[in-house]
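When we follow the working numbering, the leftmost residue of the sequence shown carries the number 1, and every step to the right adds one.
No lab work stands behind these hints: they were computed from the structure.
Fair warning: there could be bad hints in the mix.
[As the list claims (entries may be wrong)] Think about it this way: if two alpha-carbon atoms lie no more than 27 Å apart in a straight line, the pair counts; the simulated BS3-like pairs of lysine-lysine are:
#1 Lys34 - Lys18
#2 Lys18 - Lys45
#3 Lys67 - Lys18
#4 Lys27 - Lys67
#5 Lys34 - Lys45
#6 Lys45 - Lys27
#7 Lys34 - Lys67
These numbers were taken from a predicted model, which means no experiment stands behind them.
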Amino acid sequence: MCEVPSDQISEHYQPIEKLASLSVGNKLNALESKALHLATTLREKAGIPWNAIGISGSIMAGLTNEKSDIDR
Numbered sequence: 001m002c003e004v005p006s007d008q009i010s011e012h013y014q015p016i017e018k019l020a021s022l023s024v025g026n027k028l029n030a031l032e033s034k035a036l037h038l039a040t041t042l043r044e045k046a047g048i049p050w051n052a053i054g055i056s057g058s059i060m061a062g063l064t065n066e067k068s069d070i071d072r
């Protein structure tokens, strides 16, 4: 496991918070919309609460571009 000293951490990303922000966002790009739809479907089918699912990767970090995809 790779570790970064805590004094060198500049931002701590929260997957659950990112998904929550997508669910109330008005201006989602195509990838964010697809990810939100996937998360909504998974949540509904699995019967889990919103605070048990999140978004990670480039979407979470705000690094998406036209070539970004959803990891499976």
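| said: Flag every earlier hint the structure violates by its number, smallest first. | reply: Every hint satisfied by this model.
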